[in-house]
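On the provided structure of chain A, position chain B as indicated by the hints.
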Amino acid sequence: MAAGAVHKGSLLGIEHLEVAEMESILRLARKLNVNRPQPLLRNRRIALLFYETSTRTRTSFEFAAKALGATTTLVQTAGSSIEKGESLLDTGYTLRALGADAIVIRHPSSGAPSHLAKHIGIPVINAGDGMHEHPSQALLDAYTILQHKKTLQGLKVAIIGDIFHSRVARSSIHLLSKFGVHITLCGPQEFVPDVAATLAKGLRIARNMEEALHGADVVMLLRVQKERLSGLQIREAEYVDRYQMTPEKLRLAKRDALLMHPGPIIRGMELTSEVADGAQSLILQEVANGVPVRMAILVRALAKTVARVGNPRKSTTAGKVSTKTKKTTGGRASR
Amino acid sequence: MMNGNGNNGNASGSRNGHHAPSLLIHGGRLVDPAQRIDAEMDILLRHGVVAEVAAPGAIKGAGEEKFNARGLVVAPGFIDLHVHFREPGQAHKETIASGSAAAAAGGFASVCVMPNTNPVNDNPETTLWMQQPERGSLVNLFVIAAATKKSDGRELTDFRELQQAGAIAVTDDGRPILEDAMMRAVLQRAFECDLPVIQHAEDTRLTAGCPMHSGATSFRLGLRGYPSSAETSIVERDIHLSQATRGRLHVAHLSAAGALDAVRRGKRHRVPVTCEVTPHHFTLLDEHVGDYNTNYKMNPPLRGVEDRAAILAGLADGTVDAIATDHAPHAAHEKAMEFERAPFGITGLETALALAITQLHRGGPKIPLSRIVELFTSGPARVVGWQTRGTLNKGSFADVTLFDPKKRWTYDASKSLSKSKNSPFDGWQFTGKVVATVVRGRVVYGG
Numbered sequence: 001m002a003a004g005a006v007h008k009g010s011l012l013g014i015e016h017l018e019v020a021e022m023e024s025i026l027r028l029a030r031k032l033n034v035n036r037p038q039p040l041l042r043n044r045r046i047a048l049l050f051y052e053t054s055t056r057t058r059t060s061f062e063f064a065a066k067a068l069g070a071t072t073t074l075v076q077t078a079g080s081s082i083e084k085g086e087s088l089l090d091t092g093y094t095l096r097a098l099g100a101d102a103i104v105i106r107h108p109s110s111g112a113p114s115h116l117a118k119h120i121g122i123p124v125i126n127a128g129d130g131m132h133e134h135p136s137q138a139l140l141d142a143y144t145i146l147q148h149k150k151t152l153q154g155l156k157v158a159i160i161g162d163i164f165h166s167r168v169a170r171s172s173i174h175l176l177s178k179f180g181v182h183i184t185l186c187g188p189q190e191f192v193p194d195v196a197a198t199l200a201k202g203l204r205i206a207r208n209m210e211e212a213l214h215g216a217d218v219v220m221l222l223r224v225q226k227e228r229l230s231g232l233q234i235r236e237a238e239y240v241d242r243y244q245m246t247p248e249k250l251r252l253a254k255r256d257a258l259l260m261h262p263g264p265i266i267r268g269m270e271l272t273s274e275v276a277d278g279a280q281s282l283i284l285q286e287v288a289n290g291v292p293v294r295m296a297i298l299v300r301a302l303a304k305t306v307a308r309v310g311n312p313r314k315s316t317t318a319g320k321v322s323t324k325t326k327k328t329t330g331g332r333a334s335r
Numbered sequence: 001m002m003n004g005n006g007n008n009g010n011a012s013g014s015r016n017g018h019h020a021p022s023l024l025i026h027g028g029r030l031v032d033p034a035q036r037i038d039a040e041m042d043i044l045l046r047h048g049v050v051a052e053v054a055a056p057g058a059i060k061g062a063g064e065e066k067f068n069a070r071g072l073v074v075a076p077g078f079i080d081l082h083v084h085f086r087e088p089g090q091a092h093k094e095t096i097a098s099g100s101a102a103a104a105a106g107g108f109a110s111v112c113v114m115p116n117t118n119p120v121n122d123n124p125e126t127t128l129w130m131q132q133p134e135r136g137s138l139v140n141l142f143v144i145a146a147a148t149k150k151s152d153g154r155e156l157t158d159f160r161e162l163q164q165a166g167a168i169a170v171t172d173d174g175r176p177i178l179e180d181a182m183m184r185a186v187l188q189r190a191f192e193c194d195l196p197v198i199q200h201a202e203d204t205r206l207t208a209g210c211p212m213h214s215g216a217t218s219f220r221l222g223l224r225g226y227p228s229s230a231e232t233s234i235v236e237r238d239i240h241l242s243q244a245t246r247g248r249l250h251v252a253h254l255s256a257a258g259a260l261d262a263v264r265r266g267k268r269h270r271v272p273v274t275c276e277v278t279p280h281h282f283t284l285l286d287e288h289v290g291d292y293n294t295n296y297k298m299n300p301p302l303r304g305v306e307d308r309a310a311i312l313a314g315l316a317d318g319t320v321d322a323i324a325t326d327h328a329p330h331a332a333h334e335k336a337m338e339f340e341r342a343p344f345g346i347t348g349l350e351t352a353l354a355l356a357i358t359q360l361h362r363g364g365p366k367i368p369l370s371r372i373v374e375l376f377t378s379g380p381a382r383v384v385g386w387q388t389r390g391t392l393n394k395g396s397f398a399d400v401t402l403f404d405p406k407k408r409w410t411y412d413a414s415k416s417l418s419k420s421k422n423s424p425f426d427g428w429q430f431t432g433k434v435v436a437t438v439v440r441g442r443v444v445y446g447g
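Line by line, the protein sequences are chains A and B. Quick note: the first sequence uses the numbering used here, first residue 1, plus one each step. Quick note: the second sequence uses the numbering used here, first residue 1, plus one each step.
Only chain B is shown next, with the shape it has when bound in the complex:
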């Protein structure tokens, strides 16, 4: 049932891998959770795919080019299920070219772009346009299309037509599907097309005018509170509908303890539900909004300690399928506004791995490195049903991320490759840094 769409992770945007010289990556620690490998191994990439994986030194005389990965982790190319590249329509915030450069710098070989562009990507023309080589994507670019026309929740888009144009999932991200009958219809049709439905779970009837999480900080700042229950109730409903229709449901940027519980219960009952968590939600709390800092304003908002603890537990115990950035660039003048008026969202591609290693592996829950890698690779691949990405199995796409898990560095947002610099992590010290990103056998970052 996986990928009846005949488009098994065939990305557009990246240059044709067949012309890349063969590349031997040797001396590194290969971590490929899909194959349960965590060992010193060499890997040969040829013709855009993984040609061989073998013990150190076993691949003799091969590789026109060589990469010494001593001291580095060699992982499948990272996959980000949730980015906003703002093209078409808001190129002053980000373009596919600039966003993909930031992705490559963050170790992401594949990104999935959200449809809340201007106009909304609810049609095959826009879907195809985003994938054209002229957009200049440095990494594999996958398109997520709108589930309803104009994402206004009234009329389904043509899932089959969008799928044929390359769409790998549908969503009305940012404009959640609230109407029960509409959500059921979306899941029903998605089941027939074998597409995942991604829901930004927010009952907007409860969150109008609420720029941050509901709690002591919102009360102190005099801001209306966006309660965790506004997320949980939608996730619970969606899981019931997913169970009834068998349509695959993916919960975007899950932030509430109750929503995580619902996903855990759903999985136990074999409901086809998955979820992602962002680095900012597993790192920050509502109180970090401080004195109305708009770089801490995003949707869903930073939550309280209970919600964050639940998310950390879900990352550790396997309930969470993927880490996704929700990379949401905004121009400086747009963020330099009254807190209530500033747009939601922060950038995240360049800091995701560093936050995962610093916060999850070295700090707090001490999650093993192989599980961290899973959350960036085979986890998200499973969500969208890819078997030849997110792993370095022989024959898989030659997408590789190399990182130094011990490297200490400081993030300088002003040097970001993204067009926008709206990161709360500017000036943060991290441990763990991406060293190189390989897409279809070509080094697109570092090296």
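With the rest of the complex left out, here is chain A:
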């Protein structure tokens, strides 16, 4: 019962992850490909423990695990003993007793993965916890940006929308800030409270889109999470009018700005269809990149030797990635 050490292969959040760790995950992801399965995790069992709904994250973790030769099982609230009142820890102990080597968990309560990890002793991977963190999403977003930009350092990124309720935003802010990105948060007070600026050093808050988008290299949109509003009176029409991303508003950013959204997108709410399907949109690329990045996360969690991973033919180019990190100013993740 007593709390113990968290397994080193766990990924609980970006906040406490070092730049070098993230760079090594991104580097590893570039060597992995769902279409070239490698049995690095053969005979390993990965439990996908989902207390909340998911399309992208669950499917990509499952494809990632299978491409690595692992066996997966999905446990969801409905149809499991969770419905009968089994506690999170007891569910975790049960999965471990059944032979799970790692647990990928999504949970509506912030901190649930960390709680589980402190007790269970096997790798726990946070696939999104409450309003806290969604580390694999932040990593795949960094991976996606780096397919288009040489480095993260010095980029201007605008994050627009419901930051208060967003675990993606918290993880992305931690990650981008560690890599030396200039971040501007934009949205109404309900979604971007002043306290949001305390999350990382140098965060800027803008209340209007012109200010937020000016000179932006990357624009990250967030969904308005109606299910988490719990009583907030957000005036939908006003939000759409002021913050919905339209082709006109997108022109306020740099000409080659990248348009990102972690999904699910609500067309007509935070963005129009023209933007979602436009040339600058990376939305589906993000989804696709979820697989190699999650493969890397699973390999990091479970593979005995990470060194021999990858396609030898490509290892020279992949090896170009800088491993040096500047702890204070952030590392130089480059492609």
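Source of the hints: derived by calculation from the structure; they are not laboratory data. The model shown is predicted, which means the values in this text are computed figures rather than measured ones. Errors might be hidden in some of the hints.
[To be verified] No farther apart than 30 Å at their CA atoms in a straight line, the calculated lysine-lysine pairs in the BS3-like style are these: (1) A/LYS150 - A/LYS201; (2) B/LYS335 - A/LYS8; (3) B/LYS406 - B/LYS366; (4) B/LYS149 - B/LYS335; (5) B/LYS433 - B/LYS421; (6) B/LYS366 - B/LYS267; (7) A/LYS84 - A/LYS156; (8) B/LYS335 - B/LYS421; (9) A/LYS84 - B/LYS335; (10) B/LYS335 - B/LYS66; (11) B/LYS394 - A/LYS84; (12) B/LYS406 - A/LYS84; (13) B/LYS394 - B/LYS406; (14) B/LYS406 - A/LYS8; (15) A/LYS84 - A/LYS150.
Here is chain B on its own, set in the frame of chain A:
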């Protein structure tokens, strides 16, 4: 007007003091703020009351038993206005017997138990049951009854009947009385019965699903924030109603700077308002929740630096009347949960004095020892209107707490006498330790 109830601090639970042998406590430093005494003095306890207080060596040949208190502070028995002993209904967390043992170890000779038991203590039968000798309380046990039936805020309980059964105050602790008209009625009726009304001040309409204080830490952890204003607004309203009705209002576990300001202003305008503060609120901050540690989850939540600074000022300047523990035991499996799902509350009886000495006297605001003692004795006694407890005046109840203000020690929660171990102070090093607790002339702890 004090205690028209004919029940002036007559506690049940403790054994009859008349059979205790007389006890001479000599060589100690007597600190009795009610009498403005802080000097080397001896004290003789006989027949369950204080028989004599005199200069060292002046009480000749007396005392069948003697206690050498050299190097110790001899204080009136401590009073805790706010504990949850979980009986009836949740004896797996605590019983009156186990809770009172922890109280004795913490120097508390008297405790006041909250009514949020199962069932809620809204009736004279439960009130009497809690006080029966069979419950095995080691210390004086006083009962605080529910202000409304089932504490659901709809219908007043029978204050007079509860008072006759021994209740010393009314509260719906944990289920604050939000409805203005109901709070007014409670204070009105409490005034007629001369009972204090204790309010857990929380506007629950603003705090649903909020497991911790609203601030940078709650934002970082992705937890909904419970703002200080949710406490302040209720305290302000209650003070207006107290002024209008003349009903005595006691603010439980005050944690917000604005609420403290309201109490200070109320006192200046002679409103009959008092307040208590817990050791955890004067010691810890919201940021100490760290990585979702549920032993730092309580209600009201740990606040930010401004709120804590205001509380420290209130403890120093006399605005705060009492230190109360809000001792809230929970079983290990109940706390080993997702932060949002874990119950609120921590244990506190065994660490209260040590925290007061370490944090308030030796550290930070350097509050004099006599004021610390006041916060544990005459302060809380004044809140409930007792004149023969919380002091060592001749004729008072023979309740005495002896402590070593310089003793260094480390708290080990696993050795707690409470049934539950949910303390954030496990492993903390303290200065100041309770050495013995005397209840009605009998040593119930240490010695």
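Against the structure, the hints:
no.: 1; hint: A/LYS150 - A/LYS201; in the structure: holds, 23 Å
no.: 2; hint: B/LYS335 - A/LYS8; in the structure: holds, 25 Å
no.: 3; hint: B/LYS406 - B/LYS366; in the structure: holds, 14 Å
no.: 4; hint: B/LYS149 - B/LYS335; in the structure: holds, 29 Å
no.: 5; hint: B/LYS433 - B/LYS421; in the structure: holds, 19 Å
no.: 6; hint: B/LYS366 - B/LYS267; in the structure: holds, 24 Å
no.: 7; hint: A/LYS84 - A/LYS156; in the structure: violated, 48 Å
no.: 8; hint: B/LYS335 - B/LYS421; in the structure: holds, 10 Å
no.: 9; hint: A/LYS84 - B/LYS335; in the structure: holds, 19 Å
no.: 10; hint: B/LYS335 - B/LYS66; in the structure: violated, 44 Å
no.: 11; hint: B/LYS394 - A/LYS84; in the structure: violated, 61 Å
no.: 12; hint: B/LYS406 - A/LYS84; in the structure: violated, 52 Å
no.: 13; hint: B/LYS394 - B/LYS406; in the structure: holds, 28 Å
no.: 14; hint: B/LYS406 - A/LYS8; in the structure: violated, 43 Å
no.: 15; hint: A/LYS84 - A/LYS150; in the structure: violated, 51 Å
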